[in-house]
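Those protein sequence lines, which keep their order, are chains A and B. Each step along the first sequence adds one to the number in the numbering used here, with nothing skipped, and position 512 is 507. Each step along the second sequence adds one to the number in the numbering used here, with nothing skipped, and position 73 is 68.
In short, the hints are calculated from the structure, not lab data. Possibly wrong hints are sitting among the right ones.
Computed cross-link-like contacts, EDC-like style, restricted to lysine to aspartate or glutamate with a CA-CA straight-line distance of at most 16 Å [what the hints assert, rightly or not]: (1) B/Lys399 x B/Glu295; (2) B/Lys444 x B/Asp491; (3) B/Lys193 x A/Asp473; (4) A/Lys303 x A/Asp253; (5) A/Lys488 x B/Asp491; (6) B/Lys488 x A/Glu245; (7) A/Lys193 x B/Asp183; (8) A/Lys488 x B/Glu452; (9) B/Lys331 x A/Glu319; (10) A/Lys44 x A/Asp29; (11) B/Lys113 x A/Glu319; (12) B/Lys193 x A/Asp479; (13) A/Lys193 x B/Asp411; (14) B/Lys403 x B/Glu246; (15) B/Lys403 x B/Glu245; (16) A/Lys193 x B/Glu452; (17) B/Lys289 x B/Asp411.
All figures in this text were calculated on a predicted structure; none of them were measured in a lab.
Here's the letter readout for the chains.
Protein chains: 2
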Amino acid sequence: MKLVLPPRVSPARFSAALKAFEGVVGKDWVMATDADRDAYSDVYAPGPKDEWPPSAAVAPQTVEEVQAIVRLANEYRTPLWPVSRGKNLGYGTAAPRLPGSVVMDLGRMNRILEVDPKLAYAVLEPGVGFFDLYEHIRRENIPLWLSVPGNGWGSVIGNALEHGIGYTPYGLNGRHLCGIEAVLPQGDLVRTGLGAMKDNPAWHLFPFGYGPTWDLAFSQSNLGVVTKAGMWLMPAPRSSLELSWQIPREEDIAWVIDTIAPLKIAGVIDQNVFIPSWMGALVPLGNRQDFWDKPGAIPESRVQELLKQYNLGYWHVTLRFYGEESVVRAKAEVVKGAMRQHLSTPPQESWWHEGDPIDNYDLTMGVPTVMPLQMSDWVGGRGGHMGFSPVVPATSEHVVGQLKRSRKIIADHDVDFYASFTLGGRFANNVNMLMYDRDKPEQVANIRKLFDALISETAKAGYAEYRTHLGWMDPVMDTFGFNDHALRRFNEKVKDALDPHGILAPGKQGVWPKAYRAEAGVRS
Amino acid sequence: MKLVLPPRVSPARFSAALKAFEGVVGKDWVMATDADRDAYSDVYAPGPKDEWPPSAAVAPQTVEEVQAIVRLANEYRTPLWPVSRGKNLGYGTAAPRLPGSVVMDLGRMNRILEVDPKLAYAVLEPGVGFFDLYEHIRRENIPLWLSVPGNGWGSVIGNALEHGIGYTPYGLNGRHLCGIEAVLPQGDLVRTGLGAMKDNPAWHLFPFGYGPTWDLAFSQSNLGVVTKAGMWLMPAPRSSLELSWQIPREEDIAWVIDTIAPLKIAGVIDQNVFIPSWMGALVPLGNRQDFWDKPGAIPESRVQELLKQYNLGYWHVTLRFYGEESVVRAKAEVVKGAMRQHLSTPPQESWWHEGDPIDNYDLTMGVPTVMPLQMSDWVGGRGGHMGFSPVVPATSEHVVGQLKRSRKIIADHDVDFYASFTLGGRFANNVNMLMYDRDKPEQVANIRKLFDALISETAKAGYAEYRTHLGWMDPVMDTFGFNDHALRRFNEKVKDALDPHGILAPGKQGVWPKAYRAEAGVRS
C-alpha cells in the first residue's frame, strides 16, 4: 500500500517523526514500507483495503517508550492509532479510522505481570493474547478459567476495552476490568482506582476509585493508551454441566428469551448465554456452495431441508452451569423444568468434573479458539465478515422485533441471514454476521448498502449498536442524538482538554478532536 | 448559623444570585436564614458545625430548573454543592466542602419514574429515598428487593453514587447503576450509555456506552448533577436461608476471611457479607455507660466479660442465601461444610419462603431501617459518628494486618473499637466506627487526631479509603501519590474543561477546580 500522509503533515515532517520514533524503539520497530502498511490494513475490509490506510506502524515495548512516542507524536502532530494486537476482526482489525495515522502496535508489550490464583485475577499488558494467557495458566496449573470471545487470537485487554463478550459467567469482559494504567494523550501516566496509590494491593480488586471512577472511560476510547490492566478471572469450577437443546422454529425465540432471561437475571443461570441460529452449525461443515449452489440468499424452503437433513433446530441453546456438583444439579433442574413448559424434548446433558479433559474448542469452558473464523470462508474467495451488533432489552417483544427487522432488511439485500443473540442479563446483544467475498465488488457494494440500511432502520426503531466497523463509526455516533448530540459534545470537550493536538486515535467511535474535526465528514 | 459568603463573592452579588435563583424555583425554595443554614450543616460534625458552612440552599424540582440554577451559578460565580437528600451521615451529611457554597438540595426531585418488574430495574430521581422506593414496591406488590445500606434514610441514587454498600447480592450499589442523566457544570444535559439515543429502551439495561462509558465518572464526582439514573434491583427470591455463627475469638477473623472469600469469589455465596465485631450486638441494647461506666476505651477484660454475659462471639457472621429452595440448600451445605472445618458449633438456621412475613429490620432482605443509627447514642450526649473506611484485599493476611493496625491506633487514642468487614468479593471494606459526643471538645479533638493518624498510618502501609468525611477529603486525596499525584492532575484537567468557573462542588473528594484551587489547602 502506497503511503498516505496524515492530514496537514508534510513528507519531511513525517520522515522526521519516524526518525524520532526510531530513536525511541529502534529502527526495527518503526515499519513504513508498502508491505508494512498492507500488514496493518483491514484484512476483511468491505472495500479497497486502502480506504482506512495507516501511514506506518511503531511498536514500543515499555511504558516509557509509549510515553516517549506519544510526546513525539504531539511534537510532530502525527496522529497515532493504538491497537493491542490488531485483531479486531470484523470491526477494522488494526487499521486506523483517520487515513495516514501511525498504528501504535502494542503487541510487544506482552508480559503477564501477575496471576493471583486465590483472588482470581491477572494483571496484563495489552499485547497478551487469549492463547498466551491460556497457555500460561495451563502450564503453571493455575485453577482459573478465561472468558474468551468467539475468535480468540486477539488481546485479552483489547477485547475487554472494545466491549467484547465471552461465554462463561464472566461474559461481559469490560465489567471485569479492574484498575487500569494509561498513558494520556500528552504523555502523562495515570493509574485508575486504588492504583492511584503506589503499590496499593487492592488496585485490581476494588472496582471504584476515590473520586470519579475512570476505568471504562478508557474503553472504546481515545483518551489514553492502556498499558496494563487488571482482569478478574473465574475460579476453575469443581464440576460443570452443559444442557443443549435444538429449538425447532424461528418464532420459538420468543419463549426461549422469556424463559431464559428471568433465570439469568435471577442468577439461576450464571453464564452469558449464546443463542446462534442454524448457520452456526453449518459453517464448520463447509462453504455455502456445499449447501446451496445458486447466487442470492439461501431460500427458506432450502433452509427447512437443511434443518431436517442435519437434524438441526432453527436455534441452538446451550447452557452451561459451573460450580459444586450439588449446586449445578439444583440449578439445572430449575432450568430444565422451565424449558419443559415449552419443549417436551429433554436436553442433551454433558457433565464435566475436575480432572476430565476439556474440549479444545469449548469457548464456554474458557478455551480460546479461532474455529468460528471459518465463517469467513462461507461465501468462498477471499472472505470477510462484518458484524451488525445492536443491543435490545431481554424480552421477546424487543428480541422478536429486532429479529424481524434485521431479517427483512438482510433478505431485501439477498444476503444469507446468520443471527445470534447473547443474553447478558437484562439485555441481549444481537450479532448479525454479514459475509462477503472481498474480490467481488458488487457483493461488497451490496453489503455496504445493507449495513447503512441496518443502522438507520434500527436507529429509527430506537435501538443502538454497541460497537461497529471503522467505516460506520461516525454514522453510528450520529444515531446518538439525545439533546442535539449532547454525548458527542461531552466526549469532544473531554477529548480536547486531554488531547489538545488531537493525536490519539482521532475519530475512534466517532469522537473527533478539534484538530481533525473537519475530517469527521458530514454530521447530523 | 451566620452567613459565610462564597470566596470572592460580594454580599451584593450573593443577594443578586439568590434573587435570580428565586426567579427559577420560587421564593420558598431558596433558603438563606440562619436556621436554614443550620439545617444544611453537618449534624454529626466532629467540631463546630460552622466549619463547613453552607451560605444557603436552593431546591429545584425539575431538570430544567437544575439547568437554570447551574447556569445562574456560573453567571454569579456562586459555587453549588448538590446533595440528593443530604443524609451522607458520618461523611458530612448535607454540608459543603467549600465554605459558603450554596447547597443544591435535590430532595424535591423525588419521582419514581419507572419500575420494571420483569427486567428488574427502576429509574429514579435523586430525591427518592430507600423508604420511598420500598413503600412503592410494597404498595404495588412488585416482586423486587432493594439493596439498602446500614442507615436507610438517604437517597437510593445518592448512596450508589457515593459508593455505598448494601447487604444483599447487589451490595456494591454503584455497580448496579446503569444509565445516568446529568446536568453538566455549564448547564448542558447529557445522558450516558444507550440513553444518548433518545428513548432507547435498553438505556438502563446495557452497562456500556458507545465510545467511552461515563456512568461512574459521575460517582463521588463534581462533574455533573445527576438528575436521574437507572438502578438494577434484585428479583424477589422464592426462598431464603440465613445461617448465623457467633465466632469466638478476635483472631478467628483470619480463618473466617479465608473460608468465606473464596466461596464469595466463586459465587457459592452471592451476598455481600457483613461481619461486625461484638459492638454491633451491644449498640442496640444500650449506651456505653450501661456496659462500662468509666472514661476511656472499654478494656479487654471487660470485653471478655460482656461476650460471656451476652453469649456473643467476638465476630458475628450471618450469611443469607436467596433463590429456589433446592439451590439455596445446596449452596448452604457447601458453606456449612467449609465452616465446620474451623468451628464445630453449627449455625443457627432461619428459612424464609415467599409469603412469609419479613422482619422490619432485616437489611439483608432489602428492608430499609435506621436502627444502626443508634450507635450515635453510644457515647451519650449529642452523639456523632465518623467512619474510617479503608479497602483491603480479601485475604487473612491483609484483613488481619488492617485490623491490628487500626485496633492499635484506636486503642492508643483510648477510643472504643467497633470494626466491621464487608466482603464484597475480592476485597473487603473495613469500616471503623468512631463515636463521640459533639459537646465534649476534648473528645472531638481526640477523634480528629485519631482520624489523621488512621489515614496516614494506613496509607503508609499501602491501603486507601474508599470514602471519607468532608474534613479529610484533601488528606485522603493526598494519599493517592502515584506518579506525583497523576490522578489528581487528571481529575483537575477534566474538571477545568467541563467547569471553567468551578461552580460545581469544588473540593469534592479532593478535586478542586482552578477557580478555587487556592482554597484546597497545603498539598503534598
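A quick look at each hint next to the structure:
Between the alpha carbons of B/Lys399 and B/Glu295 the distance comes to roughly 14 Å, so the proposed pair stays at or under 16 Å and holds. For the hint pairing B/Lys444 with B/Asp491, the CA-to-CA distance comes to about 33 Å; that exceeds 16 Å, so the pair is violated. Taken as a hint, the B/Lys193 and A/Asp473 pair is honoured in the structure, with Cα atoms around 12 Å apart against an allowance of 16 Å. At roughly 26 Å between alpha-carbon atoms, A/Lys303 and A/Asp253 are farther apart than 16 Å, so this suggested pair is violated.
Taken as a hint, the A/Lys488 and B/Asp491 pair is honoured in the structure, with Cα atoms around 11 Å apart against an allowance of 16 Å. Of the supplied pair hints, the one linking B/Lys488 and A/Glu245 is violated, its CA atoms being roughly 52 Å apart against a limit of 16 Å. This hinted pair does not check out: A/Lys193 and B/Asp183 have alpha carbons roughly 36 Å apart, beyond 16 Å. Taking the CA atoms of A/Lys488 and B/Glu452, the gap is about 39 Å. The hint is violated against a cut of 16 Å.
Our distance criterion of 16 Å between C-alpha atoms is met by B/Lys331 and A/Glu319, whose separation comes to about 14 Å. About 12 Å separates the Cα atoms of A/Lys44 and A/Asp29, which keeps this hinted pair within 16 Å; it holds. The hinted pair formed by B/Lys113 and A/Glu319 fails the criterion: a straight-line CA distance of about 29 Å is larger than 16 Å. About 10 Å separates the Cα atoms of B/Lys193 and A/Asp479, which keeps this hinted pair within 16 Å; it holds.
Of the supplied pair hints, the one linking A/Lys193 and B/Asp411 is violated, its CA atoms being roughly 31 Å apart against a limit of 16 Å. Among the hinted pairs, B/Lys403 with B/Glu246 is consistent with the structure: their alpha-carbon atoms are about 14 Å apart, no more than 16 Å. A hinted pair counts as satisfied when its Cα atoms are at most 16 Å apart, and B/Lys403 with B/Glu245 qualifies at roughly 14 Å. For the hint linking A/Lys193 to B/Glu452, the alpha-carbon distance of about 15 Å falls within 16 Å, and the restraint holds.
Straight-line distance between C-alpha atoms of B/Lys289 and B/Asp411 comes to about 12 Å, which keeps the hinted pair within the 16 Å bound.
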